[in-house]
Structure formats: structure tokens, C-alpha cells
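Visitor: For reference, the chains in residue letters:
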Amino acid sequence: MITTQNLTKRFGNIAAVRDVSLDVREGDRYGLLGPNGSGKSTLVRMLLGLVYATSGSITVLGEQVPRHASRVLPQIGALVEEPAAYPHLSGRANLRLLDAAGPRGSRRTRRRRVDDALEQVGLAGIDRRPVRAYSLGMRQRLGLAAALVRPPRLLILDEPTNGLDPRGIRDIRDLLIGLNESGVTIFLSSHLLPEVSALCTRVGVLDSGALVLQEQLASLEEPTGRVVVTTDDPERAVAALDGLVEHRDGADLVVRSPDPAALNARLVTAGVPVKSLLVQRRSLEEIVLEVTGSGSDQFSVPAKEAQAARQTEPAPAEPPQAPEPPPEPADGQAPADQEAP
Amino acid sequence: MIAVELFKLVRRVRTWFSIALMCALPLIVAIFIAVTHIAPPPGQGSAFLSAVLNNGQLYPAAALALVLPVFLPVAVAVVAGDSIAGEASAGTLRYLLARPVSRTRLLAAKLVSVITFTLAAVIAVTVSAYAIGVLILGPSRASAVGFAPGQGSGSIGAGAGGAPTAGLQAGAAITSLSGTPLTTLQLVERVLGAMAFITVSMLGVAAIAIFLSTLTDSALGAALGALATLIASEILVTLESASAVAPYLPTRYWLAWIDFFRQPIFWRDIQRGFAIQLVYVVVFLGAAWANFATRDITT
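Chains as they are written, first to last, in our numbering: chain A, 1 to 341; chain B, 342 to 640.
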């Protein structure tokens with residue numbers, strides 16, 4: 001559905017997206033993760049033909065973008081960063097206007113499609129008040145409705161649950177899963193890990209503009225081959241397991257074992273009172289933190305502080321928790337959030 | 342897309358507010374003149390204003406002359422400057438383009454919307470000024486002044502731009518600037534011609550503002566940039582040492598519409614004014630298109 005090859009976008013000296021080769025397949029619920037400023041929005045804008053790539057190619061729904069964007073975009077529903085609407089018009093008027101502006105928005109079915117889209121996002125009851133008076137969550141829902149007015153084959157959503165309360169987040173998640181089950185491929189970007197792990201089937205991780213991971217979520221979250229055993233008699237367990245224990249923390253033992261049932265049998269046979277036995281899986285959070293450096297909106301302030309410290313103190317401490325030095329020296333002065341230049 | 346843009350134009354409060362303001366200025370001027378019976382002396386002040394006390398039916402022309410130098414270009418520059426920059430800063434531009442609306446079509450629809458706004462403003466000023474003229478200043482007092490050519494009661498000032506009309510006489514009733522009488526049909530024709538020319542005169546400003554609107558995300562910046570260009574042009578038009586470039590300045594022939602009220606119509610400046618506006622439209626819309634079509638939309 002979406003393929004990019006070595007996609008790169010430079011804004012002056014800053015590479016917002018570097019050599020990204022995305023692969024989103026039909027039927028995916030693809031979550032693009034990355035800290036703020038990692039290039040998610042620039043990538044989304046390139047997929048929609050709003051920003052032109054410096055190099056590399058994009059294929060969406062089998063067509064080249066931006067060259068054949070006019071053929072592709074009518075089949076896509078999109079939410080790009082925050083939703084936008086004409087504030088003096090009502091939500092309905094906004095959707096009708098947007099639908100009338102683009103192709104394939106049949107006038108005959110417009111009223112019905114607008115009402116359907118509003119119902120899908122839980123705004124069926126909105127009255128004639130202008131969008132100016134909407135809450136943040138209502139605007140977000142309206143933005144999603146705009147993406148659904150013309151039934152899409154592919155949804156490209158940038159931070160779709162922004163500004164929603166927990167109830168709203170679940171509503172939208174259920175809506176997206178329902179749409180996906182009826183055949184809509186979903187590509188969304190988010191910096192919210194729980195959101196992506198609850199919704200997506202496939203994950204890509206963007207770090208400083210580069211795609212550092214792209215994998216099925218299920219295979220990422222496969223068992224690590226370790227089992228956490230909790231027991232009141234850890235000494236006996238260590239003795240019984242004979243070198244399989246990798247780590248001991250009080251009553252918790254991390255045991256290397258691909259087969260939890262066999263491990264349990266062995267412990268019980270040895271007379272170890274097993275209180276709990278947990279197959280260890282890596283969380284998405286661990287995986288993402290492992291493959292990414294520090295987020296750009298986090299390091300800009302410590303970098304400045306470190307600079308200040310360097311001027312006052314003769315022996316400065318190392319910058320805290322920075323696995324690698326900042327990729328571009330210019331980033332130190334640049335605003336942290338490069339997503340909206 | 343054009344229908345969408347016109348809908349947006351109609352639903353904006355700003356559209357109606359600015360047109361109302363443009364109609365209000367001639368109303369205020371008319372009230373002062375009607376109450377005091379002091380019109381500007383012939384050859385001074387805004388064009389046609391010296392004659393309106395004698396003939397309220399000339400007030401539409403006087404009203405157009407009143408709004409032309411500042412009010413109309415300001416309103417046009419604001420609307421045109423907002424065209425792309427306003428959508429960009431509101432964030433709606435990316436959703437329009439992702440719909441998709443082709444960038445060329447969007448630009449064309451914006452131009453149509455700006456032209457429509459200009460025409461609506463010119464028509465509103467003309468129609469309201471006719472009503473003001475007849476109701477407040479009263480219909481022609483022709484009997485008091487006489488019809489004969491050359492016995493016009495006042496001569497018409499040229500206005501600020503230096504159009505070559507100083508000293509020409511306007512009669513009471515419906516008399517051309519050249520002193521010969523005009524039939525009602527002729528007057529209507531000439532008012533329509535003046536309205537069309539004034540609308541065309543605004544196209545240059547509109548094109549400059551639209552071009553700037555594709556360069557910046559600030560609607561205000563684009564509008565002020567276009568107005569700054571106009572003010573520079575008006576200064577240069579009156580500067581004798583800049584006379585070599587004067588024929589190519591956007592405001593040089595702005596007052597040529599007054600030539601519609603001569604008998605016969607003096608076409609030379611009207612044609613030149615039309616041609617100059619056409620050049621500005623082609624150049625600046627071309628630049629706007631070239632810039633907009635290749636630009637990254639990052640707002």
C-alpha cells in the first residue's frame with residue numbers, strides 16, 4: 001500500500017527524513033513511532049504530496065507520489081498534525097465544503113456521507129454552532145470525520161488521538177480497528193507507545209529521521225526465552241535449576257528457559273514452592289528505547305545546560321544518558337520541535 | 342472549486358464588513374456636503390465631487406473616485422493577501438491539497454474569488470452612491486443651471502494621481518466632462534465602463550498580493566506588502582524625475598476611468614491602463630503559480 005525507497009528530505013542543512021524505506025502492506029494497522037521532531041510529520045506530508053522529497057521514491061496504492069498524487073489521494077483519508085477547519089462555519093458546513101473541494105465527492109450522496117462520517121466519530125449530535133466553539137477533542141473527531149467523508153482505502157493519520165480523553169481514545173481505537181477489519185489499511189504516526197501497541201499490527205520506529213526498526217508487532221513481542229519465577233525459597237530453586245538462573249532479585253529469579261511448563265515441572269519436582277511463573281516478553285517501550293537515541297525535544301535543554309556548565313565548571317560531567325552525541329551541532333540552537341518548521 | 346471559494350467569500354463576515362465600510366465613506370462625505378452645501382471648489386479635491394451638489398446622479402462617479410485611492414485597494418489587498426497565506430496559517434491548506442485540489446486550480450479559484458469581491462465592492466459602492474446621491478444630494482437641479490454646453494457649473498479636479506482632467510468642465514444634469522450632454526443610456530454605459538475599468542485596475546494589486554501570499558504564511562504581511570508596492574508606485578507617479586518609468590507603474594492609469602465621462606470617450610489611457618494591469622497580472626500570477634506549485638507545504 002505504501003512503499004518508499006531511500007526517501008530523504010532536507011530542509012537546508014537539516015535532514016528531516018533520512019533514507020527511509022517504508023513498507024506498509026494491505027490490511028496493516030501500521031504504527032510509525034518516534035519522538036517529537038523525529039520526522040514523522042514530514043514523512044506523512046511527503047506521502048500526501050505536500051512536501052517534495054529531496055531524493056528517493058514513494059509509491060502509494062501502486063502509484064508514484066507526487067507525480068500521480070491526483071489519482072491516489074481521492075482514495076486516502078488523511079489527518080496531518082492537528083485538524084484544521086474554518087472556525088466560523090459549523091462542523092457540517094466544513095465537511096461539506098471540503099468534500100465539494102475535492103474530486104469523487106458526489107454531490108448527491110454528500111449529505112448522507114457527511115452525516116455517516118460524523119456518526120462514526122461520535123459527533124452525530126452536533127448542532128449548528130461554529131467550529132470556533134468546539135473543544136479540542138471535538139476538533140480532533142471532526143478532523144477524523146473529514147478523513148472518512150469519502151470512504152477511504154487507506155487512512156494516513158498523524159497523531160489521531162491527540163487531545164482526546166481516555167474514553168475518546170478508546171472510541172477512536174475501536175473505530176479504527178472496525179474500519180481495518182472492513183478492509184481499510186491504516187497508517188498512523190504517534191509518539192504514544194501504549195496507543196500503538198494497543199492498536200497496531202506492524203510498527204516502524206523513526207529516530208532523527210531514520211527508520212531504525214520495522215517489524216510485525218507480534219514478532220517483536222515474542223517471548224524472550226526467559227521466565228520470571230517468584231518463590232519463597234530462591235536458594236533451593238537456584239540449586240535445582242543449576243546455572244539456568246541469569247539474575248536473582250530477592251524472591252524473583254530470571255531463568256533462561258524456552259519451555260515454561262517443563263521449567264515448572266522441574267521446580268515442583270525439586271520441591272520449590274512456585275508462587276508465580278511469568279513468561280518474559282519485551283515491551284514495545286523497551287524495544288523503542290533500545291533502538292532510539294534521546295528524543296530531540298529532550299536533549300536540546302540538557303545540551304544547553306551542559307554548555308552552561310562547561311563554561312562555569314572546570315571539569316564538566318558527561319551529558320546525562322546520551323548514548324551518542326547529537327547528530328547535528330546545529331540542532332543545539334534549532335527549536336526542539338522540527339515537525340512544524 | 343470556484344463555487345467553494347465563492348461560498349467561503351460569502352460566508353466571511355470580513356467580506357461584508359469591508360464592503361459596508363466602502364459604502365459608508367461616500368455616505369459620510371455626502372452628508373457633510375448636503376448639510377453644509379460646501380463642495381470642494383472646481384479643480385480641487387476628489388474627482389466629480391465639485392459637481393455633485395448640482396447633480397446627485399453624478400454621485401456614483403464621485404463615490405468611486407473617493408474609494409479608489411485607498412479603501413478599495415486596501416480591501417482587495419487584504420482579501421488577496423489572505424488567499425493562500427490565510428489557508429496556510431489556519432492549517433486548512435494542507436487538507437485542501439490532500440483532498441486533492443490541484444495547486445493551479447486552487448490559485449485560479451482564489452483569483453476568481455478576489456475578482457468577484459472587487460466587482461461586488463465596486464457595484465455596491467456605485468449602487469449605494471446612486472441612492473445616496475438622489476436621496477441626500479437630490480436629483481439634478483438642471484433648471485437652475487442650464488443645459489448649454491460650456492455653462493457647466495463646475496470643473497472637475499483630477500484627483501491625486503495627476504490624470505489630465507484638470508480644468509475640464511462638468512455641467513449640471515447629465516453632462517459629459519467635455520461639456521456636451523449625455524443621454525441617460527450613455528451615462529449608464531459610461532458608469533458601467535468606469536466600474537469595469539476600476540475592477541481591472543485592482544487586478545494588479547490583487548496579483549501582487551496573491552504572489553506575496555504564496556511566499557509567506559502571514560496574510561497580513563502579504564496584504565501590507567502589496568499596499569507598500571502601491572504606495573511606492575503612487576509616489577513615483579508624481580515624481581517628475583521618475584517619469585521614465587511612470588507609464589509602467591501599476592497606479593499610473595488608475596484615474597483613466599474618468600475618461601469614460603468625456604464626449605467622445607478618450608480611449609488611449611483606458612487602453613494603456615488595461616494593458617498595464619494585464620502585464621502585472623500575467624507576471625505576478627505566473628510567479629505565484631511557479632512558487633506555489635513547487636513549494637513544500639509545511640504548515
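A few of these clues could be false.
[Said to hold, decoys possible] Sample of chain A residues facing chain B (criterion: CB under 7 Å; computed from the structure):
| # | residue |
| --- | --- |
| 1 | Leu48 |
| 2 | Leu50 |
| 3 | Val51 |
| 4 | Leu61 |
| 5 | Gly62 |
| 6 | Ala100 |
| 7 | Ala101 |
| 8 | Gln120 |
| 9 | Ala124 |
| 10 | Ala133 |
| 11 | Tyr134 |
| 12 | Met138 |
Quick caveat, the hints were computed from the structure, so don't treat them as lab data. Just so you know, even glycine gets a beta-carbon here, dropped at the ideal spot from N, CA and C.
Visitor: Hint numbers the structure violates, sorted upward?
Guide: 4, 5, 8, 9, 10, 11, 12
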